[in-house]
Each structure stands twice: as C-alpha cells, then as structure tokens.
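We have chain G; now place chain F onto it with these hints.
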Amino acid sequence: EAGVAQSPRYKIIEKRQSVAFWCNPISGHATLYWYQQILGQGPKLLIQFQNNGVVDDSQLPKDRFSAERLKGVDSTLKIQPAKLEDSAVYLCASSLLSQAGVSGELFFGEGSRLTVL
Amino acid sequence: AQSVAQPEDQVNVAEGNPLTVKCTYSVSGNPYLFWYVQYPNRGLQFLLKYITGDNLVKGSYGFEAEFNKSQTSFHLKKPSALVSDSALYFCAVRALSSGSARQLTFGSGTQLTVLP
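Respectively, the protein sequence lines represent chains G and F. In terms of the working numbering, the first sequence opens at residue 1 and continues consecutively. In terms of the working numbering, the second sequence opens at residue 1001 and continues consecutively.
Isolated chain G, as found in the complex (with noise of 0.2 Å):
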C-alpha cells in the first residue's frame, strides 16, 4: 500500500517569498491534515479536511496560510509571504474515518522541510 506522499521534500527560500507544499493521501482516507512541526517541537495542527470540507483551521494563520483540497483527495498547503518563523517542517497526515465518524491512527508522509532565510 502507497503511503501518503509529500513534495518537495526541501525547499529554501527568502523572507517573504512564497512556497507551496503538495499532499497525496493515503487512497481511501477521508481525512487529512497538515501538521507544522518547529524543530524541538511536537507537530502542531494547522488545518484538518474531512473529504474537501475544512473541519479545523482554527490555528492556522489565515494572513499568510492557505490550504485546500479540491476534490477531497490531493492537498496543496500555501505560504505567502513567508516570515523567518515559518521554518519548520511541514507534515501531512491521512487517515480513515470510520461509521460512527472517529478518526482512526494518522499516517504521515515524510515531510517538507521549509528554511526560511
């Protein structure tokens, strides 16, 4: 089974340039999550779809953030501009959802490793 798929796995970039990370889940799983994990740091949530509905986005920063999901399976996670604390590595995550609507175990893709300069 083909796990969930991220890219690119490294970017750099200057302060206030823009950047797009691209997200292909686990076929099947309804949900998906980016996550932004600060070095030292547990990942945290920044915006969760269930299909191509937006559940939580709640701490994303909507100023500079965006996140979509078309057609409820590939994703495409935007920052613009990007500030020097936006250096982390961006990870995304899928997962099924079962009948009575639980979100099972999350699989994560590699990540994309974003250096902000």
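Check each hint, because a few of them may be wrong.
Stated by the list, open to error - DSSO-like, lysine-lysine: derived pairs with alpha carbons at most 30 Å apart:
no.: 1; chain 1: G; residue 1: 44; chain 2: G; residue 2: 71
no.: 2; chain 1: G; residue 1: 44; chain 2: F; residue 2: 1069
no.: 3; chain 1: G; residue 1: 44; chain 2: F; residue 2: 1022
No wet-lab data here; the hints were simulated from the structure.
For chain F alone, coordinates are given in the frame of chain G:
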C-alpha cells in the same frame, strides 16, 4: 483544552534493559491515546493506540503502553531495549467523541537513546 505532557526531553537506557517513556494527558471525556515514533528526517510512524478495553496495549516493534485513568497516564514501555529503538517518541491525545472531529494534540517529544 486538551494537552499532553512528556516530562523527560531525553531518556537514556542500556541495550537489553527495560525502557519507559512517560506521558500524561488532559482531555474532556474519554481519551483516545497514541504513541508515534520519529526517526531522523522522517515522518511520524504509528506505534500503538488505546481506545477502550484492556489497559495494556501492545504495538509495533515489541512496544507496549499502559493506560492509567486515575493517573491520566499512558507510559510507553519495552521489556528489552535495542539500539535501533533510538528515536524521538511522541505521545498524542484526542477526545473520543463519535460523530465529530477532534484535534489530535501531540506532546513535545522524548528523545530515546539506547546505548550499546
């Protein structure tokens, strides 16, 4: 608000000895608890989870975790550590609530080093 505490940033253990990585949590209602492991430059890998039932859950690579409701803890354990177990371990919690989504909250991680 739900939270996870991993009180030890670093745990060192000799190969062959038992290991414990500690986790305590706070959540409204019944918890849904997870342990994940992260190797350098890799994403997180699922180890095990607790939903209901037996308080001792077994997972991948010989790991197990014990759920203690009165102490709100979910410590990760392994009877005999291997050098290859050296990695960053994360505990996570979410409220177990059917019919609605709940955010999965991670701890800050514990770096486990198994010494040969």
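Structure-based check of all given hints:
1. G:44 to G:71: 25 Å, holds
2. G:44 to F:1069: 25 Å, holds
3. G:44 to F:1022: 20 Å, holds
Violated hints are absent here; each numbered hint is respected by the structure.
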